[in-house]
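Each chain, letter by letter, is given below.
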Amino acid sequence: MSGVDKKLVRAWVRQQAGPAKRAALPVVISGALGTLIGIGQAWCLAAIIGNVLVARIFPDLAPQATTHTAIGLIAAFAALSVLRALSICVQELFAARAGIVARARLRRSVLDSVIDIGPALLRRQHSAEIASLLVDRIEVLDGYFARWLPASMTWMVFPALVLIAVFVVDPRAALILAICGALVPVSQAVFGIGAALASRNQFLAMVRLQARFLDRIRGVATIVLANATDREAEALSRSADDLRRRTMKILRVAFLSSAAIDIAMVAAIILIVLTQGHFVHLNGLAAPSIHPSPHLTGTVFALFLVPEFFAPFRGLALAYQDRAHAAGAAEAMEGLNSGLAAPEGEIAQERETPVLVVNVRAENLSYRWKDHGPLILDGIDFAVAPDDILLLDGPSGAGKSTLIELLLGFIQPVSGRILFNDQDIATMRGRDIARHLAWIGQKPVLFAGTLRDNLIFARPDATEDELQRAIEAAAIDSFLPLLPDGLETAIGEGGFGLSGGQAQRIAIARAYLKDAPLLLLDEPTAHLDPQTEHEIIASLRSLSQGRTVILSSHSKTMKALATMSLSLGSDGDGEART
Amino acid sequence: MSRIGNIPSRSARPGRTGAFHALARILEVWRPYYGRLGFGLLLSALAALSGFALMWNAGLSVTSLALGAGIAFGLMRLFGGGRIALRYAERLFAHDAMFRALAALRVWFFRHLAQGAAAGLGFRRAGDLLNRLVGDIELLDNLYLRIAVPALGFLIALPVLVYVALQESASLGLALGILFIVAGCVIPLLAAKRSARRSQSILHAESSLRVAALDLATGLREARAFSGETLLAERITGEEARLHEAQLVQAQAMAQAGALSYLLGQAALVMILLGLVGFPGVTVSLVSGVALIFLTGTIFESVGTLSRTSVLAGRVGQAAERVVAIAEEDQSALEPGCAAPEAGDLVLHDVTYRWDPKRSPVLEELSLTIRAGEHVALIGPSGAGKSSLAALILKVARPEKGEILFGGHDIATLDTASLRGKIGWLSQSTHLFADTIRNNLLLGRDDVADALLWDALEKAEMAETVQALPEGLDSWVGEGGALLSGGQGRRIALARTLLQDAPIMVLDEPATGLDSATERAFLGTLGRSMRGRTVILIAHRLTGVEKLDRIWRLEEGRAVPLPV
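Line by line, the protein sequences are chains A and B. For the first sequence, position 235 matches number 235 in my numbering, and the numbering has no gaps at all. For the second sequence, position 137 matches number 137 in my numbering, and the numbering has no gaps at all.
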């Protein structure tokens with residue numbers, strides 16, 4: 001990770017830490033209880049074995065009493081086991097809940113950011129990437145909240161608890177454990193750096209695969225009809241293989257770091273057994289009258305606690321890629337927020353009063369799609385008042401749709417400004433801009449659902465009367481009887497079941513329903529046959545009464561509607577005529 | 001809250017037989033990877049055995065030492081080292097094998113999806129399909145890594161445990177065997193059965209969350225312009241709540257199964273402890289007793305994961321069904337047929353067609369003949385069936401009645417891919433991919449010279465515009481061509497169709513979004529540049545500059561010839 005990333009992650013983690021750590025607390029507490037119970041269990045086991053050893057070696061030493069103690073210890077062991085099972089159960093549930101709560105909170109905030117930035121985001125990112133940010137980027141953080149956070153809070157504490165317990169009983173074994181344990185963080189640090197990078201790359205590969213596949217799915221008919229299925233399948237196979245290789249890179253690091261812990265663990269086991277052997281040998285030479293059991297009990301106790309000692313390290317190692325995911329998420333969220341519109345202070349107060357009229361003025365408006373690219377709009381000036389219809393004229397690619405997107409507030413000009421009723425729209429929130437206007441775009445997005453759902457999307461509280469008026473005005477009533485279920489006809493994503501012209505008329509009806517004082521029409525009749533176009537133009541004419549209209553079109557009849565025009569393109573840049 | 005998008009996605013009927021059938025199909029796809037997968041299993045078996053040997057040995061050593069006996073440390077180091085190396089190799093190899101198989105399954109899924117989707121996605125949701133390709137297929141790795149591998153571990157551990165315990169006492173062997181079977185077999189099966197009922201909801205919720213997120217992402221412009229943000233955001237949070245609820249239930253089931261399996265392991269330890277203290281019937285010697293404790297701990301721990309992941313078994317089965325369901329939808333494109341002739345007349349004879357059995361027919365007993373090399377136009381208002389006619393010629397749709405002949409062959413008998421290779425179609429919904437202009441023109445072909453690309457762009461009246469772009473052919477067009485104007489995007493699609501170099505060209509409203517000067521220029525040169533090929537121009541109206549051999553107007557499902 002680079003320095004910037006680290007700073008980012010730290011800042012983000014600080015921001016997340018408060019509530020997330022509170023949520024992780026029950027996980028930590030039940031984990032601590034579990035560790036203490038584990039120490040108790042190991043003690044019971046070791047004591048029983050020690051007892052039995054004493055009984056077998058010195059059968060004369062009150063065997064009855066030893067057996068009784070042993071049975072008691074077994075009962076205690078069983079009881080502790082039940083408690084341990086409970087603590088495992090509870091810890092898991094707390095972890096699951098902590099992950100869920102944190103993800104829900106985070107998703108809400110990402111959702112707000114996405115909505116806040118709005119359509120400008122689609123210029124920078126594929127919709128699959130945005131959706132993946134909302135779904136996978138956050139779901140994958142489950143591990144961070146449910147595993148990494150608790151593990152990172154406890155990986156020093158739990159082994160220390162175990163170490164103290166072992167130290168009390170067998171200091172030599174404790175020393176061995178401490179040395180082997182100390183090697184683990186070193187190896188983890190070495191592997192961890194690689195893991196973070198690999199995990200970031202793997203996630204990006206996954207998002208790329210998603211974006212590519214979604215795009216190909218949407219255009220699947222184009223692929224099939226061009227007989228390009230095989231070639232696309234090959235490309236997908238390459239992407240999928242790339243994902244596999246990147247995933248394996250992460251796993252290799254994860255397995256290596258887990259193997260490193262295994263080595264430390266096996267080394268600890270062997271060393272503990274070895275050193276105990278040394279002891280026994282010495283004792284073997286000494287008089288057998290020395291009580292032999294403390295060593296075995298202590299050693300067995302230490303041996304049983306070896307896995308317990310290493311478990312937190314293992315947990316941390318397993319969760320290391322979760323931390324890397326958090327770094328990736330922090331980065332993605334930072335990317336989302338960079339290049340946001342006006343800073344908070346400049347945003348004017350949102351007004352709740354309905355907007356009745358809009359005077360639009362553009363002053364010296366310029367725009368380019370890319371930094372240092374050519375200016376697509378250069379110093380445009382115009383003013384449109386209610387009852388005016390401004391035609392944006394010019395060849396395809398002259399910047400008509402760009403100008404409309406500027407007016408919608410989807411993108412911001414590189415210089416100049418747009419005023420609605422003398423207020424610069426750069427100082428308005430996106431939603432406030434939207435309250436002024438209705439829009440008919442070139443490619444209306446239709447959602448899967450019924451025709452009615454797609455219409456009332458523009459105004460969920462519309463009455464049946466208003467809906468009916470919009471349907472008539474957009475000439476939807478002319479094809480409605482042909483549909484099997486009328487307004488309740490199901491349409492597929494992207495308008496499956498409707499022709500291009502029919503889909504366009506839904507967009508027109510939406511604009512009617514919205515009933516706003518400013519109308520932005522971007523080639524509203526592009527897909528319509530002359531008869532339908534004629535009907536639509538007649539109804540657009542009545543809709544434009546008292547409203548401010550800005551329209552772009554190649555259709556002659558549509559152009560005739562205009563009261564003034566603005567010529568765009570190389571030959572007559574930004575020249576307004578009335 | 002919202003009613004948008006409540007169409008249930010087409011998912012296969014849940015059911016045990018469905019899941020088994022689906023798994024069988026998937027295993028079939030994985031056949032080329034059997035070697036790798038099998039080797040992964042072998043490694044996992046060896047790793048498990050060396051692990052058991054290590055713990056057994058550690059237990060033996062420690063007690064022997066306590067009793068003053070010498071032991072073989074070398075053996076322990078060997079098992080220790082062997083276990084670590086084998087475990088690493090096994091995990092690496094098994095995961096790699098699995099991911100290879102998953103990548104192959106993704107490609108298989110895409111191919112089958114494409115075969116059934118010549119007419120587009122229809123009512124299927126792109127987000128749902130994406131979820132199947134990404135999430136559902138990913139879930140299938142559990143089948144091997146977290147079900148098959150641990151199950152093999154169980155099968156290996158069972159005889160080891162029982163054999164070792166039997167050496168000490170028959171009843172102890174029996175008791176441990178029963179406890180182990182319950183932990184490694186009965187609990188996982190019960191957990192799997194119990195979860196099968198619930199898993200539908202979690203997969204569904206995941207897919208719906210993705211669909212809702214995609215709806216917002218794709219519809220950001222509409223959402224802003226029509227203040228629909230809250231509506232779409234509420235759908236996302238609603239689906240999220242459903243998903244999280246299902247996840248919590250699953251976590252509960254997993255925790256319960258895990259805890260039960262743990263308790264059984266502890267019960268086994270208690271049995272051995274009782275043997276150690278000399279409980280009648282299960283008495284064990286000290287050395288083997290301690291070793292058995294170490295061994296039992298490891299063995300029961302190894303099946304603990306099986307109890308947990310068996311909670312996922314239901315989900316895995318359903319994921320398999322969801323993946324296979326797509327492949328089994330419409331495979332008519334696969335029907336064998338003979339190769340299409342190089343060129344020929346197109347004859348439609350008494351063709352009747354409707355999109356939907358509930359709707360009235362779009363075309364009714366329509367007959368027309370287009371001779372090879374003719375340039376013709378089909379005009380009519382929207383909904384007159386112009387696009388349906390094109391779909392029928394390309395075998396995207398089948399006529400209800402009547403027949404379509406190409407070069408004298410009924411197209412139903414022709415190989416679909418071969419027929420489509422002869423027809424270039426610019427449809428109204430032609431898609432621009434989020435890629436460069438070059439890749440949009442090539443669609444994956446790599447045998448086309450740049451000169452041909454420029455030639456196609458020239459014919460589509462787009463060459464000048466592309467030349468003016470700083471990155472030329474390598475300019476990025478954005479999602480759905482969003483970085484181009486509507487007219488420019490249309491002309492890129494047109495150039496792509498022209499590049500296909502097919503003997504028949506079906507151009508559906510090629511001039512949409514073009515200013516009238518460009519439109520006239522394109523239509524004027526079309527006649528010259530397409531000489532020798534059949535051109536079927538589909539339009540609402542004609543501009544008058546087209547040079548045509550025949551014109552039909554589509555009216556009430558029939559083709560009425562108009563004077564040229």
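Keep in mind that the hints were calculated from the coordinates and are not lab data. Among the clues, some could well be false.
In silico DSS-like links for lysine-lysine, alpha-carbon gap of 30 Å or less [as the list claims (entries may be wrong)]:
id	chain 1	residue 1	chain 2	residue 2
1	B	K459	B	K401
2	A	K559	B	K547
3	B	K358	A	K556
4	A	K556	A	K514
5	A	K370	B	K459
6	A	K559	A	K514
7	B	K459	A	K559
8	B	K459	A	K556
9	B	K547	B	K459
Every beta carbon over 12 Å from chain B, so not counted as near; a handful from chain A, in silico [stated by the list, open to error]:
id	residue
10	A32
11	I49
12	R107
13	M156
14	V157
15	L161
16	L163
17	I261
18	R361
19	D378
20	L419
21	R435
22	F447
With the Cβ distance kept under 8 Å, some of the chain A side facing chain B (calculated, not the full set) [to be verified]:
id	residue
23	L111
24	S113
25	V220
26	N227
27	A228
28	T229
29	L303
30	S396
31	F410
32	Q412
33	R510
Beta carbons: idealized from backbone N, C-alpha and C, even for Gly.
For this structure, which hints from the list above don't hold up?
1, 3, 11, 12, 17, 21, 22, 24, 32
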